[in-house]
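Visitor: When we follow this note's numbering, the leftmost residue of the sequence shown carries the number 417, and every step to the right adds one.
Just so you know, the hints here were simulated from the structure itself, not pulled from any lab data.
In this text the structure is predicted, and so the values were computed from the model without any measurement.
One should not assume that every hint holds.
Said to hold, decoys possible - Simulated pairs of lysine-lysine, DSBU-like, Cα-Cα distance not exceeding 35 Å:
#1 Lys-930 <-> Lys-1256
#2 Lys-841 <-> Lys-807
#3 Lys-546 <-> Lys-1281
#4 Lys-932 <-> Lys-670
#5 Lys-1229 <-> Lys-1256
#6 Lys-1237 <-> Lys-930
#7 Lys-1212 <-> Lys-1281
#8 Lys-739 <-> Lys-807
#9 Lys-497 <-> Lys-1212
#10 Lys-1306 <-> Lys-777
#11 Lys-807 <-> Lys-670
#12 Lys-739 <-> Lys-509
#13 Lys-1056 <-> Lys-571
#14 Lys-777 <-> Lys-767
#15 Lys-1172 <-> Lys-1152
#16 Lys-571 <-> Lys-546
#17 Lys-1137 <-> Lys-509
Claimed, not checked - Label pairs and their computed distance ranges (CB to CB):
#18 Thr-778 <-> Asp-475: 58 to 68 Å
#19 Glu-816 <-> Lys-1172: 26 to 36 Å
#20 Glu-948 <-> Leu-760: 54 to 64 Å
#21 Gly-1042 <-> Glu-1091: 21 to 31 Å
#22 Arg-812 <-> Lys-1172: 16 to 26 Å
#23 Glu-1039 <-> Glu-1263: 46 to 56 Å
All C-beta atoms in this analysis are idealised placements derived from N, C-alpha and C, irrespective of residue type, glycine included.
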Amino acid sequence: MWKLKRRDFLKGLGVTGTGAMLSGNVWALNRLEPIGDTLATEYPYRGWEDLYRNEWAWDSVGHAAHCINCMGNCAWNVYVKDGIVIREEQIAKYPQVNPKVPDANPRGCQKGAIHSTAMYEADRLRYPLKRAGERGEGKWQRISWDQATEEVADKIIDIFEKYGPGKLKTHQGSGNQTMVRQSGPSRFASLVGGIQLDGFTVVGDLLTGAHLAYGTPLESFTSDAWFDADYILMGMINPNATRIPDAHYLWEAKYNGARITSTAPDYNPSAIHTDLWMPINQGTDPFFAMSLANVIIEENLYKPAFMKEQTDLPMLVRVDNGKLLREADLVEGGDEEVFYHWDLNSGQAVKAKGSMGSADKTLQLDGVDPAIEGEFEVEGIAVTTVFEQVKREAARFTPESTFETTNIHPDVVRQEARHLAKAHKAIVMLGYITSSYSNCLYTCWSYALTLALTGHGGRTGGLDTSWISWNHPRWTELATFEGKKSARYEPGGLGEFLRGGMMEGAREHFDNAKLKERVGFDLDDLESMINESIDEGWMPYHGEIKGMISIADNTFRRNKFADRYRDEHLRQASELYVNINVRMDSTAEWADYILPAASHYEAWDLRTQGYHRFCNIFTRSVEPVGESKPDWDIMALLTKKIQERAIARGIGPIQDGGVTRDLHTIHDDFTRNGELSTDLDVARYIVENSPEFGGVTLEEAAERGFIVMNEHAGINQPLPKDEPYNPFVAQTEGKKPYDTLTGRVTFYCDHPRFMKLKSSVPTARLYAGPEASNYPLHFYSPHARWGIHSNWRSNKYLLRLQRGEPNIYINPKLAKQRGIKDGDTVRLFNSTGEFFAQAKFYPSIPEHSIMMEHGWEPHQYIHRKPMNNSMATFLQPLELTGGWGHLGFKYALWNANQLLHESSFDIELAKAEDIADPRTV
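Given the sequences, and given the hints that come with them, work out the whole structure.
Guide: Structural data, given as structure tokens:
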């Protein structure tokens, strides 16, 4: 072997050094070589620098966002080398709305920054799979797309032949929120009449009290509209952790002079930056809101002009039966949806314009001065006003009387009520954790009352519900098969509760007598009211299923009583269970067939979101991994095979109510006779035919990475070109009626169930918690900073930023009482189950509470026992009402949430024998 002698090495080194000196480059072998004036001289080429330069080299740059039920929707550049995504960077080129409002850039968070690694991780699905063992056994056979789609197609046809239509659940979950990705399975569900549950309420995300008050929970603020507010109250929301791309507007508003406050049980990452943190007791928010209303009324801080025009507070109520005075009460054959207020100018009752029954669709008072207080007589009927009823209820919630419940001192309540009343623009922000409580409706409704009393609506503020539904007619047409046929839409919380057998678990956990004392009804009452809602046709329920196609929905992880729910669904879906997914999650593990879907960087797509006006473009930066395919393409393949097999088997039109299910033409119908066969076809069609995109071509949009939407994007009102979007400006300035029974912001509901539960006006109720069971600790489970539900929860980079395994947060005082140290493995338990997690000390959490961020996969827990196995739930029966104006089943607007935070636990140090077996992890 040839060896370099030391003497030769030194000699060579000397020559090299001499050469370097002769060239004037004495630093040639030194990485710290100084560079002179780079503006005056050319940067010297040094070959060794190519090592790190090449690390950042790329072949092409695409665009995408990361929208798995994420509220951010942030545009990214996607860098590709040798057909592999090597990294991503924020585009950060969103234009400023106007010079007085900060821009939206850069938009993004750590979840988006690791997607280039997440898409190649071991749980990524690459090929069609068929179960080779028992369900859930983990044995799979790789098969071709042709075999997979043919076998699935035949089984779908079998279900139609054996049981008729309506037995196939085709639910698409929150993992698909982009336009093209979502349209495919939704269009398929419309064609086959599949069961689709409400995407908001299955996960407990619908702010029902906002719908009750305003007629929609989906009319809110873009985040840049926070900037000019002078008072913002964050109620049950933690934007620094869960609204990372938008949170800067809050703190810029603070620098702009706004007072920012927070009500939260713990001193969370957002609360620490506020002007005032109010450590509210968990689940008592409506009591705080009603105490604010009490002060506003008692101190005459309310704004009569706003109340008279914009709200139903002047509407007349019968003294004898507590019902709103209707035209039908005064005129034979009169309208049940025409109402009255008392005109102080003429001294008589006059019809209120703008109601659902009124022909005059305006809020203009036109010389009428409605009374908001007093008692009157109309044709022998004694009447008073809604405001008189509201005053009577609010009088019960003095700051002194609510202090013990809320933990917010009376002086603080009065202070904040005055700040709210004097603010020019005040916003109350409610996060989605609000709707996870049984008293969500009361929280939203009572906060809406405080805002209306103080004249906050339109440009002067209001309720921030975290969502604006933009106008996308082409997307809607595609997803719903142009409205010709419909899926079987179903209330999310109700469908999951009944089909998942959750009442049995609820009865195991809650003490019926304690529950009724706590929330106003027990489980027997609830069962009766559920049956009434179905029998009266207020809420549809489509019964047991025989087959299931689950798309982008980790249903076996997210549902309460998780194992019970899973077993019941697998029992019902005995004929077929197909999972369409990007990764092998806790729901895919149990499927009969798995069809692998393309990830965000591997398909053409579009996404908008209510916090901003930009539609981000996904440009298929790389080809899909393995044999995975975009969701639209998967459904096109499946419908093609269904059509072929239906023709081969002689299957013609199948009657389904007033429509036919045409399996023999389903592919032609799905693709519009081949016009829309691929994700690219669909993306182009939506972009180039949507009025809100202003005629831009797909190529132009793809070059920039996003589209700025125009005025046509607004549903309630136009999206203004040069100012942030504030909700209900069309009502406060244009006098357009609200989509409510009275045409006004609603604070009186005389529906029989509301009256039975003593909730005809805004009031306060408690949530269940420990007082409704036999376990002492409150429990709540907010969204995590390190994932969107279960997505990205197992990513190695994000795990390094936290404890790396499921953990709970515990107050050190409680931990000391139970002999628990930081980092110990603890057991949480109640009558429905148990789970193990690491204890993390968190001094700001109440001593009687446990907190755990949700989203961990069952396989990440010891014994595969997840938190959701032992989380009890029930339904709020008021959210199941119908047949009253704007109250009735409306997808994404009005139906019952699956509740997440009603259960309670006890805690102890885990025993060694419970966690020692290596197979338990």
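Visitor: Confirm or reject each hint.
Guide: Hint-by-hint comparison with the structure:
no.	hint	in the structure
1	Lys-930 <-> Lys-1256	holds (31 Å)
2	Lys-841 <-> Lys-807	holds (24 Å)
3	Lys-546 <-> Lys-1281	holds (26 Å)
4	Lys-932 <-> Lys-670	violated (43 Å)
5	Lys-1229 <-> Lys-1256	holds (12 Å)
6	Lys-1237 <-> Lys-930	holds (33 Å)
7	Lys-1212 <-> Lys-1281	holds (22 Å)
8	Lys-739 <-> Lys-807	holds (17 Å)
9	Lys-497 <-> Lys-1212	holds (22 Å)
10	Lys-1306 <-> Lys-777	holds (22 Å)
11	Lys-807 <-> Lys-670	holds (33 Å)
12	Lys-739 <-> Lys-509	violated (55 Å)
13	Lys-1056 <-> Lys-571	holds (14 Å)
14	Lys-777 <-> Lys-767	holds (12 Å)
15	Lys-1172 <-> Lys-1152	holds (32 Å)
16	Lys-571 <-> Lys-546	holds (14 Å)
17	Lys-1137 <-> Lys-509	holds (17 Å)
18	Thr-778 <-> Asp-475: 58 to 68 Å	holds (60 Å)
19	Glu-816 <-> Lys-1172: 26 to 36 Å	holds (30 Å)
20	Glu-948 <-> Leu-760: 54 to 64 Å	violated (41 Å)
21	Gly-1042 <-> Glu-1091: 21 to 31 Å	holds (28 Å)
22	Arg-812 <-> Lys-1172: 16 to 26 Å	holds (19 Å)
23	Glu-1039 <-> Glu-1263: 46 to 56 Å	holds (55 Å)
The structure is inconsistent with the numbered hints 4, 12, 20, although it conforms to all the rest.
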